[in-house]
Every structure is written in C-alpha cells, then in structure tokens.
Amino acid sequence: MAATITPYRSGQRAGHDGFVPLLRAEWTKFRTMRGWVIAMLAAAAATALAPIALAGIAKSNDPETCTHGLCQVEASTVATGPDGEAVTDSFYFVHQPLAGNGSLTAAISSLRGTGPSLRKRHQFPQAPRTEPWAKAGILVKAGTRPGSPYAAIMVTPGHGVRMQDDFTHDIAGPAGPVSAASPRWLRLTRTGDTLTGYSSADGTHWTTVGTADLAGLPATVQAGLFVASPDYTVESQSFGGGDQGSSSPTQATAVFGSVTRRGDWPASAWTGSHIGPLELPAKAGGHCVASSCGDTPQQPGRFTRSGGAFTVAGSGDIAPFVPIVDPLQVALYGTLFGAIAIIAVGSVFITGEYRRGMIRTTLAASPRRGRVLAAKAIVIGTITLAAGLAGAAVAFVFAERKLTALGWTPPVWHDWSLTSQVGVRVVAGTAALLAVTALLALAAGTILRRSAGAITAVIGLVILPLVLAVILPTGPAEWLLRYTPAAAFSLQTSTLRYSQVTTGCVPYHGCYPLAPWTGFAVMCAWAVLGLGVAAVLLRRRDA
Amino acid sequence: MRHALHAEWTKLRTAPGTALLLAASIVLTAGASALAAAIVKCPGSCSADTTKLSLTGVMIGQATVATLAVLVMSGEYSSGMIRVTLAAMPRRPALLGAKAAAVTGVVLIAGTIAVAASLLAGRLLEPGNGFTTHHGIAALSLAHGPTLRAAVGSVLYLVLIALLSLGAATALRDTAAALTVVLGLLYIFPVLGVVALDPAWQHRIARWTPESAGMAIQATRNLGTLPIGPWAGLGVLAAWAAATLLAGGLLLRLRDA
Chain A
16 MAATITPYRS GQRAGHDGFV PLLRAEWTKF RTMRGWVIAM LAAAAATALA
66 PIALAGIAKS NDPETCTHGL CQVEASTVAT GPDGEAVTDS FYFVHQPLAG
116 NGSLTAAISS LRGTGPSLRK RHQFPQAPRT EPWAKAGILV KAGTRPGSPY
166 AAIMVTPGHG VRMQDDFTHD IAGPAGPVSA ASPRWLRLTR TGDTLTGYSS
216 ADGTHWTTVG TADLAGLPAT VQAGLFVASP DYTVESQSFG GGDQGSSSPT
266 QATAVFGSVT RRGDWPASAW TGSHIGPLEL PAKAGGHCVA SSCGDTPQQP
316 GRFTRSGGAF TVAGSGDIAP FVPIVDPLQV ALYGTLFGAI AIIAVGSVFI
366 TGEYRRGMIR TTLAASPRRG RVLAAKAIVI GTITLAAGLA GAAVAFVFAE
416 RKLTALGWTP PVWHDWSLTS QVGVRVVAGT AALLAVTALL ALAAGTILRR
466 SAGAITAVIG LVILPLVLAV ILPTGPAEWL LRYTPAAAFS LQTSTLRYSQ
516 VTTGCVPYHG CYPLAPWTGF AVMCAWAVLG LGVAAVLLRR RDA
Chain B
528 MRHALHAEWT KLRTAPGTAL LLAASIVLTA GASALAAAIV KCPGSCSADT
578 TKLSLTGVMI GQATVATLAV LVMSGEYSSG MIRVTLAAMP RRPALLGAKA
628 AAVTGVVLIA GTIAVAASLL AGRLLEPGNG FTTHHGIAAL SLAHGPTLRA
678 AVGSVLYLVL IALLSLGAAT ALRDTAAALT VVLGLLYIFP VLGVVALDPA
728 WQHRIARWTP ESAGMAIQAT RNLGTLPIGP WAGLGVLAAW AAATLLAGGL
778 LLRLRDA
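First to last, the protein sequences are chains A and B.
Going from the first sequence to our numbering is simple: count from 1 and add 15.
Going from the second sequence to our numbering is simple: count from 1 and add 527.
Among these hints, one or two may not hold up.
[To be verified] Listed below are several chain B residues computed to face chain A (Cβ distance under 8 Å; list not exhaustive):
| no. | residue |
| --- | --- |
| 1 | ALA575 |
| 2 | ALA614 |
| 3 | THR707 |
| 4 | PRO717 |
| 5 | ALA723 |
[What the hints assert, rightly or not] Restraint-style ranges between C-beta atoms, simulated for each label pair:
| no. | chain 1 | residue 1 | chain 2 | residue 2 | range |
| --- | --- | --- | --- | --- | --- |
| 6 | B | ALA770 | A | ASP32 | 47 to 55 Å |
| 7 | B | ALA770 | A | VAL249 | 23 to 31 Å |
| 8 | B | HIS662 | A | PRO147 | 31 to 39 Å |
| 9 | A | VAL35 | B | ALA759 | 39 to 47 Å |
| 10 | A | TRP494 | B | GLY751 | 28 to 36 Å |
| 11 | A | ALA540 | B | ALA621 | 47 to 55 Å |
| 12 | A | TRP494 | B | ILE636 | 46 to 54 Å |
| 13 | B | ARG540 | A | ILE53 | 31 to 39 Å |
| 14 | B | ALA621 | A | TRP42 | 39 to 47 Å |
[Unchecked claim] From chain B, some residues computed to sit far from chain A (all C-beta separations above 12 Å):
| no. | residue |
| --- | --- |
| 15 | LEU562 |
| 16 | ALA564 |
| 17 | THR583 |
| 18 | ILE636 |
| 19 | ARG650 |
| 20 | ALA666 |
| 21 | LEU669 |
| 22 | ALA704 |
| 23 | LEU724 |
| 24 | GLN729 |
| 25 | ARG748 |
| 26 | ALA759 |
| 27 | ALA769 |
| 28 | LEU773 |
| 29 | LEU779 |
Read the hints as simulated data drawn from the structure, not as lab findings.
Treat the numbers as computed from the prediction; the structure is a model and nothing was measured.
Glycine included, C-beta positions come from ideal geometry on N, C-alpha and C.
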C-alpha cells in the first residue's frame, strides 16, 4: 500500500493580499530610506525658500524704465476702479446729466476704425483698420472721474453686442458687426441702482442682454453715447531672448441714429468730452522708451450732430488694466528647485528597486504588477502633494509679503491672501503640479529602469521647455508651453486675465498660452500616458 | 598613470551605456540644432545670431553628456565596482585624473561630430529661412573667425560640462543626487536669469552661473552688449568645473569608498 505524502503546510497564517497592505509596504519603503526622506524634505524646503529669496531680489517697479511692463506713460493713464483695482478708463463721451430713472435708446449703423496713425502704419503692416474690441454704445456713469462706476451696452466690430459694467464684468449679447444695412438698436435703462441693457435688430423687438447692479449710484448720473478704440499692440519675442513690443493708439468712429431719451433729461445741448488723460508718447527720463518709441499721441475724440444723428469719434478703452509682469509668478519660479528634487525622488522610488534587486521581492510579494505601480503612484503622489502644499503655502505667504514691502502694491498689483481664489489656485496648483511631476518621474523610472535616464528624461520634459520658451521665437515657444508638461506652470500665474482685454503677452514675460487648469490637464495627460505605458511594460517584461 | 588610463578607457568603452549616451548626445545636439534652424525665420528673428542659432542643440545635448560623465563615477558606486577599482589603483587623485582624461577624450570626439553636424545643418537650412545676404547675413562658415571660435568653444563647453558633472558625481557618489544637482544648475538658472525682475541680478546670473556664462562662447554678434565676454564666460565655466573636480578629488581622498 502506497503511503500518501502529506504536503508541508506552514503554520503561519496567510497574509492579506489586499491593496492596503501594499500601500503600507510602499509607505514603509519610502519612510525607511533616509536619502529619500531627506530629498523630499529638501524639496519642500526649496519650494518654500527659493521663491521667498527670489521675491526678495525683485526690486519694486522702477518708473524710469519700461522693463517691468509698466511704463511711466501707462502708469499715468491707470485709474482706480470701484473695487480698488487698476483700470483703463479712457474714451470719448457725449453726455448729459440724467436725474433719477430713465433710459436712452440709439441705433448704431456704423462703427469703423482708422487703425494706427499714418506715421506708424508701416510699423504695423498686420494691423486691422478697426480694432476687434473697439466699442460704441450707450453708457451711464456715476460721474466723469476716471474709474468711477459705470454700466454700458455697446456694439463691437469683432465680438458682437456686449453689456459691460465696472470694468471687469462682461456679458455677451447677439453676435455680428453693424452696418448701414443692418443697424443695431441699443437701449440702456436705469431703475434705481439697476441698469438693464437691451438690444434689437429693428427697434421694436427687444431682448435683454444683461443687467448690472451699481450699488450707491448717485441720483444724478452722466449718461450718453460713447466710443472707444483700444491701442493696437504687437508683442513678440525673437531667437536668443528679448522681446519687441510696440503699440499705437487707434481711433474709431460710430454713427448713432434715432437717439431717444426717456426720463428727466435737461433741455441743454449734449457735452462731448474725453474721459481720462490722453496718452502721450512714451517717454522716460526725457528719452524715448525703446519699446514704444515713436508713438503718436492719442487723438482726442469729437462729435458732430445733424438732427437726430450723431457721429462720434473716440479713442482709448474701458477695461481692467492688466500688467505684463507678474512678480509673484516670477518668485514662484523658485519652486523649480523643489521640482527637480521631486523628479529625482520619484524616479528613484522605482529605479532603486531595480538597482538593488528589491523589485523581485516586491513582485513576488504582490504578483499583480499593475497594483504595485498603482500603490507606488498613490504613495509618492500623496507624499509629494503634502510636501508641495506645505512648501507652496509658506512660499506664497512670505513671497507676497516681501513683494508688497518692495512696492509691488495695489492697485496695479494685487495683494492676494492665501485664502483668495488666486491664493488657493496657486498653492494647490503648485502642490498638484509637483505631485503629477513625481508621477511622471515614477512612470519614466518604471519604463527606463535606470535613475540616470529617467531623471534626465523628466527634467527634459518638464523643465527644459521653460528654458527654451524664453530663447525661442514666439511661435515655437508657445507651442512648447501648450503641449509639454511645462504647460502646468500656468497654475502659478497670479495676474488675472480677461477675455475682453487683448494683452500682448509672450512666454518671455512668463505668459502661458493655456489657462491654468487647462495647462495642468496637459501635464496630467502626459502622466496618464506615461503610467499607462509603464504599467504595460512592467507587466510584460521580466524584472 | 598609463595603466590607470588604459583601465578607465576599457571600462568606459565596455560599459553598455557609453555608446548609447554618446550617440544620443550627437543625435540630440544635431537634431535640436537642425530643428531650431528650421523653425526660426527671418523676418521675425532677423537680428538672431545665426551661429548661436545653429548651435542651440548644445543646450539640449549637454544633458546626455552630463549623464554620461556622472555615470562614469556614480556607476562604480552603485555597483560596488569602486572598491575593486581603488584596490587596483590606490592613488585616488590619479584615478580621478584618468577618469577625467577618458571622459574628455570621448566628449571631445562626440562633441566635435555634434557641433560640426549642427553647423552643417545651420548652413544648409538657415538661408532657406530668410537668413540670406539680402538681409546682410552671410552663410555660416568656419572661415569666419567668431564662428570658428563659437564652434571650438561649444566643443570645449561640452567637455567642461562633462568635467563639472564628473566632479559632482565624485563628491556626491550617487547618480540621482549628482544628476539632479548638475541639471538643476544647468537648466534652472538660465530661466531665472531671464525672468528675474532686478536687472542687477539678471546680470549676475548671466555672468556667474555655469550654463549662462559658458554659453557666451557661442555669441558672434553684438559682443559688446554681452554680460560677459565669450572666453571669459567659458573661463567661468572652467572655474566651476575645476572647483567641483577639486572638491570631488578631496572628498574621494578623504572618505572611505
């Protein structure tokens, strides 16, 4: 009779084959490697301290030069808006006082620009004759002081009917330009503090474009017709670094017909005046400023009236003022030092296992390889996120404080707090982009299995584009900041940008072509792609 | 010393990564240079320094050169080979000298090929993008003194970057740490040098950091407006390389392997 051999069974209870123990294992690996912990702490410290140091050497804006994106000439035309923000408030206004409630209606049959003045036209061969954001319409304003509250309904050559108020608010109405064949009827009605803008194609069927609530509007306001045409600005960068920027005032002329008033209007004639200072040729310290040399001065507007028709010419813009330089963003370039340390840790988190042969133990303990990669990604991503949040919050608060002390102050530069929308986006965004950078490094480490290759590759993908973006011409530079993971650094922008303001801003000035979270999405797409390839390769190859 | 050199040459020649990294250096440098020459156009960038433009790839190829040089030293530490090496060659400064000589040799050869290919690409592509005599821009030629200096200087630049990396790796003994420090030095400071708001600091960064100062060797136009002269800039980089090699050599001598 054959004896049955009982196979050996260990007395040890089988361990859990769950995801949580796997996470714990990866966390233990990280925690017990002294070099990795030191590198991560160094990354947090660099993220916090380098921006503060950089903010410390950002000299306050020097009015003698244009190098900081705000020339003397611009500074003299900046007004302070209702919310304490810097605004451009310069336009031609044909106005009368309106006491109490009332409304004004007009039909605009033409809005044409003349483009940059003849003397400058050779310099701007691409300039359109009519600025897309030229504006003509009906405006109600608390007074004639630049920066005072207002609401306006207007037509634009490139962006249809708009209802705008208090510089930053912009509501789109019906699209399309105006012409003599298809005039656009506009109406602005005041009821207490509420202003309502209407638009119509025929003067009988009206649609509401939007309403504006101007709290504290005085009983008597200035109301009337206005025309504005923003400066034509070109900004480009050429190979080798350096930018060429130039701008010229433009003028637009609009024809208003069927002007109808309702309410308590005076019998006196209409007053035509340019609101705000007229822009003079850019000069600093008596010398022509290179970036805006040879500017012709802004032409004052004028108006003529024949019967019920008004022809109004005007120049300037009614919009938030957007400075080119973003000092806080410049200071936050210091987080690159943290990023580079995080790239090293993220890569070594897996390549270290290959170097020491530990990967074989890891994969023996958890044969489902995709889960190993997922656990590693969660652990390194979470640790980096925490380190990045701490570092970025400290950097943000202290850099902002230092910049304020150095003269980067409101109204032109914002004094953001940590809890403001921008503060939260910059700090959370910096931490998030560092965490995703760590994931990219982990993916590269898994794919290449060598720290040298992985670190070089990820630095080439994340940091090198920022270097190239300041030395290549505009086109390729913007391409790099659109399609490489470096697009995510747009999260560190602290200047607010508005769709209704065209700013000539190029990568050389730290401008990104994509909006903050869109740029971050580009980086995430790279990380997802990288981790996907890494997971496939980890599963297919022998360790 | 001759034996040390022979040993280092054998190690370098037979390590699997060397040929790959050298090939990558040549391809990346020449490829990026050709790409830059293909996308930068006149009008738009007519004032561009065409020599510098055709040597743009050096900025990218330097990363693989640095990787190679770091691995020459840190590779020995990660595999434990360093103990065998030091047992066979107890004179540590001579060992570092031999490694530096071997790295210099291969980078000189690869760098020359890469720079020559870059210039050739520039010479062929740039006239097609509007950089012609019509705009007062002559085709690239090594007979032009400043262009020759930029070409020779770019090869020397790559050699000095390699020596700087070797020194850093000797001091830090770890691939990841050394590479992070070297690439951080090479790629972060040039960005800060451009975006820094204080012109005094822009000037300082341009003069004293290894990448920005060393790259001055590629300039052939408006030399008077450079923050630092071409050879002086390369001299700053050489000082960085010498300082890190010296620090690495001292630490190599003082520490146990």
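Okay, the hints, checked on the actual structure:
no.: 1; hint: ALA575; in the structure: 4 Å, holds
no.: 2; hint: ALA614; in the structure: 22 Å, violated
no.: 3; hint: THR707; in the structure: 4 Å, holds
no.: 4; hint: PRO717; in the structure: 5 Å, holds
no.: 5; hint: ALA723; in the structure: 7 Å, holds
no.: 6; hint: ALA770(B) - ASP32(A): 47 to 55 Å; in the structure: 53 Å, holds
no.: 7; hint: ALA770(B) - VAL249(A): 23 to 31 Å; in the structure: 45 Å, violated
no.: 8; hint: HIS662(B) - PRO147(A): 31 to 39 Å; in the structure: 32 Å, holds
no.: 9; hint: VAL35(A) - ALA759(B): 39 to 47 Å; in the structure: 60 Å, violated
no.: 10; hint: TRP494(A) - GLY751(B): 28 to 36 Å; in the structure: 33 Å, holds
no.: 11; hint: ALA540(A) - ALA621(B): 47 to 55 Å; in the structure: 51 Å, holds
no.: 12; hint: TRP494(A) - ILE636(B): 46 to 54 Å; in the structure: 34 Å, violated
no.: 13; hint: ARG540(B) - ILE53(A): 31 to 39 Å; in the structure: 36 Å, holds
no.: 14; hint: ALA621(B) - TRP42(A): 39 to 47 Å; in the structure: 45 Å, holds
no.: 15; hint: LEU562; in the structure: 9 Å, violated
no.: 16; hint: ALA564; in the structure: 10 Å, violated
no.: 17; hint: THR583; in the structure: 8 Å, violated
no.: 18; hint: ILE636; in the structure: 21 Å, holds
no.: 19; hint: ARG650; in the structure: 17 Å, holds
no.: 20; hint: ALA666; in the structure: 17 Å, holds
no.: 21; hint: LEU669; in the structure: 21 Å, holds
no.: 22; hint: ALA704; in the structure: 7 Å, violated
no.: 23; hint: LEU724; in the structure: 4 Å, violated
no.: 24; hint: GLN729; in the structure: 10 Å, violated
no.: 25; hint: ARG748; in the structure: 9 Å, violated
no.: 26; hint: ALA759; in the structure: 19 Å, holds
no.: 27; hint: ALA769; in the structure: 24 Å, holds
no.: 28; hint: LEU773; in the structure: 24 Å, holds
no.: 29; hint: LEU779; in the structure: 20 Å, holds
Hints 2, 7, 9, 12, 15, 16, 17, 22, 23, 24, 25 from the earlier list are contradicted by this structure; the remaining hints agree with it.
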